[in-house]
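> Here is how the chains run, residue by residue.
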Amino acid sequence: MGALLDASSLEDLVREVLNAEPSSYLVIGRRVRRYNALDMVLGRPIYLADKLGSVGGVVWLKTVRSSYAHALIRGVNYSDALKLSGVVGVVTHRDIPGFKYVGYVTPDQPLLAVDRVRFYGEPIALVGAEEPEIAEEAAERVKVEYDPLPVVLDPIDAMKPDAPKIHDRGNVFAHFKIRRGDVEEGFSRADVVVENTYRTAQQEHAFIETEGAIAIPGPMGEVTIIANAQEPYEAQRLVSSVLNIPRSKVRIVVPMVGGGFGGKVDVVMELCARAALAAAKFGRPAALIHSREESIIGHTKRQSTVLKYRHGATKDGLLTAVEGELIYDGGAYASSTMFVLWRATVHSVGPYRVPNAKIDSYAVYTNKVYAGAFRGFGNPEVAFAVERQMDVLAGRLGMDPVEFRVRNMLREGDETVHGQVLDHPVGLPEIVSYLRRASGWSRKRAEYGGGGSSGVRKGIGFSIWWHGNSLGVEAADYVAAYVMINKDGSVTYRPGLIDMGTGNLQGHVMMISEILGVPTDYIHVEEVDTSTIPNSGPTVASRSTVVGGNAVIKASIELRRRVEGVAAEILGCKPSDVVIKAPDVYCRSNPGRRVSWGKLVEIAYWRGVPMFSIGYHYVPRAEWDVERGRGVPYITYTYVGAVADIEVDVETGKVRVRNLYGAFDAGRIVNRAGAELQVEGGAVMAVGYALMERVIYGDDGGVMNTDLSTYLVPTIKDASFNIKYEFVEKEFKGGAFGSKALAEPAFLAWHTAIANAVAHAVGANVDELPITPEKVLKWLGVLG
Amino acid sequence: MLFDIYIPRDLVDASEFLYRNAPDAVPIAGGTDLIPMIRDGKLRPKYLVDLSGLKGRLSYVSIDSGVVRVGALTTINALGASALTGMEAFLGFRDLYKTFGNAAVRSLATVGGNVGTAVSAADLIVMFNALDAKVGLSGVNGSRYVGIRELVAGKRLLAKEPGELITEVVFNVPPKNSSTAFIKLGYREGTIIGLTSVAALVTVRDGVIEDVKLAFDRVDRRVPGRAYLTEKGLKGVPLRDEAVGEVINEHLPREMRRKSDYRASGAYRLHVSKVLARRAVLTAGRRAVGGGLGA
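Residue numbers (our numbering), protein chains in the order written: chain G, 44 to 827; chain R, 1400 to 1694.
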């Protein structure tokens, strides 16, 4: 089926093939147990480290890391390490036959340090040994001589003209703009102008499974690498360029992954290349799996930010101008921060009508751990700053915060700040309406806030936001899906996108099930394997359902048509009359004419009907004018909203989230159980981001909280809030089964609502995340 | 990270092995503190002396003639299931169980192990300070008892001889109309490493604080201690919010010195110590006059 088949006509095709209305879909939109739920719960060996059992003669690798945040390397001496019994060898940049530099967008990062290190913990060499403990001890014996350079940890400092240069081309490595109308004219018309600076901290993914790669060299110069890679095809590219071998000789296999959130995109590419390098040098399989401490200091973080905003509005509550200077701290290397910055810029004024806008966003190098992709990808930070500004404006205008949003929010047919006309349903009115009702907003807003007895103050906060679907202008946006009906009627699905626990592939299983007419347990999902499935890009950007699903649909429709054709001939009715409810297949008009699914498949095989299909879906490239920030950046937007009902202990500063209310316009919900869990999990993660998570640096640039007892993520006891939410299912014709993206949007409005609720409770501007107890006491004026 | 494991025949054998191989041998009970220390490279023992076989002898909670004796190998779970939990005087232990590590840790961690860590984050050391507990030690030269404050001499520093093992913790049942409370504050609600913790033992008579013991994770040293000045100031004070608060606000800053670190500032810790102390004293006091757990 044509790759360029328009997505919305695909939606019509689905209806035609299924000959059913969405309300009567068998599995789509329902709660269906995940295909591997039992395997996960029973602890079956489906993850990366489990594969070690079947790989013989593994060399264990340990990374030698920099103990300076910024320094020149004068020399690396590993002769002592080699003396330790059980050590197989040491790998440095000198062992790289091909290209030495890596980077998701810009290759500014050495795979193994050459002459300089730019963050504390940067990889310098690999030690290989027969046992992991020996590798660890040997790594400690590697001596590195450094010439320390000045350390820059604050992006504002890094932007100063006399700042030490972290990279030769300067510390600002990306700049995006939006220019619309005339902001000075807009501000002159405003009755109220509000200007503030907001700060957010680096966040750590803290997935349960750490990142790793096992490289197995083959007899013909090829290498197979098992890795928990969110982008296996780029990993393949990187290994190929580092080892100087063709991609056809590099095979990346991705097993079930224990959480990604964006943290297993570029780092795992690097681990694949390092493991493959070691495997090639030693002539043996090599395993490189990060410990938790290495994971925290050794993979990309969420950027920390400094966001300066100026907003102007009339006394009727209409925005007249928005000006912003957005600084995203990329840490030591560029990674995907440029793309993060672009997404942040696109979303930087929020889902509002803004007649005049001037936004300048900058990506800046510092000597912090490098930053990259993390759920939301630049959006959560601007959401926090803008939604705080909106509340502050509403306060100055004496207007209810929800009413103020309603007056400015985008509706279907409106033009965004970039000039994109929203030619699809915009669920914000329904979102607002649900939230007002469900949360008891008006009553609580009046009752809570400031004053309060027994040392506890309540607060309620509201927020809406938007999230552009899929990749936008970042990259070519395509996905492949391979579906095969085996001779016994069971079905094999080879995905192009990986399973990292989000439930994305379960959505695909349900699509195959619905279209083919087979129960979901007929379908077996294979691991992603770059040798057997075409390049499908990264599993990121919440694109698995909305974009990936279309590839699955195409493959499934093709197979359905073929099988239908055979059934029609056997049963003597029209193909459109064939009902498939495996194991039964019959004619709708004459149910007596039936054949079993197994028999049908067997006959199809006998007749030489190809019982496999590769679906391929391509999203036309987005448009973006770099000078003015105009164009059509995303195919569509998901809209979200939330209300947080919290209480503050005014003596200790601790915040307790009591109730959360959410509403999501993510188009039609395909995998309902998965969607619900994304929302609830997103809420827990947002409580962490809002109240307790931050990577903390010492003056020397080293991370202080390198394990999960000191980097705090919410436990089940921190998730004791009540949560109620609704899906506003306004079908998007371009998305598979009318869906839109949800995985990241499910995280987007909670932290902003919590921040707004805390501001309501303490009566001060909450201008920093995370909201620690000490900061609350500062805002309350209790502590200096 | 490579060590051998020695399985002793009995307590005497364990002491002798530890004595002979000091300082390269360390005892292991639940291991919930020891293993992370080894993994972090902070401790590199050659031998771990596995005490699990001694559970039969050293896991008990006995209350007799006004004296409580808790065996060193009693797990936190076992302590929580013992007769202590039913006694009004010891309701503070119930607060302690709720915030001690998490379920997995509570099933492994032991009373002796917690005392043996000698850190301010050891909740039982704070509680035992408030109870004026004594710790039983057994070594190659016999057994003896030493006060908890004397034993926990400094951060990760136990004032005992090589080969001496903690065998039990002993404290008195407080007088009638007494109860306890324990409060630990962290940045989150589960698996908390406390920023500040406090244990209070309060005896009430006619609505007035007759006696009070107030212990914190840190007072002026890097290990748990007692706020003696504040205790003195609270004696005779009515069990009322403002009255108790006023005394604590006045006295505690005079004897408590809090350091700043990357987790929190000294000013915040001191401020919160005052708040928690007031809450703990009031709760213990209300429990002491029959208010029950939720007082």
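Calculated directly from the structure, the hints in this document are not laboratory data.
Keep in mind that a hint or two might mislead.
[Claimed, not checked] Label pairs and their calculated CB-CB ranges: (1) R:Asp-1463 / G:Arg-74: 53 to 63 Å; (2) G:Gly-129 / R:Asn-1501: 32 to 42 Å; (3) G:Ser-231 / R:Arg-1653: 35 to 45 Å; (4) R:Val-1466 / G:Lys-767: 23 to 33 Å; (5) G:Gly-100 / R:Lys-1554: 53 to 63 Å; (6) G:Ser-752 / R:Arg-1620: 38 to 48 Å; (7) G:Pro-193 / R:Gly-1665: 51 to 61 Å.
Glycine residues also receive a C-beta, built at the ideal position from the N, C-alpha and C atoms.
> Decide, hint by hint, whether the structure agrees.
Outcome of the hint check:
no., hint, verdict
1, R:Asp-1463 / G:Arg-74: 53 to 63 Å, "57 Å, holds"
2, G:Gly-129 / R:Asn-1501: 32 to 42 Å, "36 Å, holds"
3, G:Ser-231 / R:Arg-1653: 35 to 45 Å, "58 Å, violated"
4, R:Val-1466 / G:Lys-767: 23 to 33 Å, "53 Å, violated"
5, G:Gly-100 / R:Lys-1554: 53 to 63 Å, "45 Å, violated"
6, G:Ser-752 / R:Arg-1620: 38 to 48 Å, "23 Å, violated"
7, G:Pro-193 / R:Gly-1665: 51 to 61 Å, "29 Å, violated"
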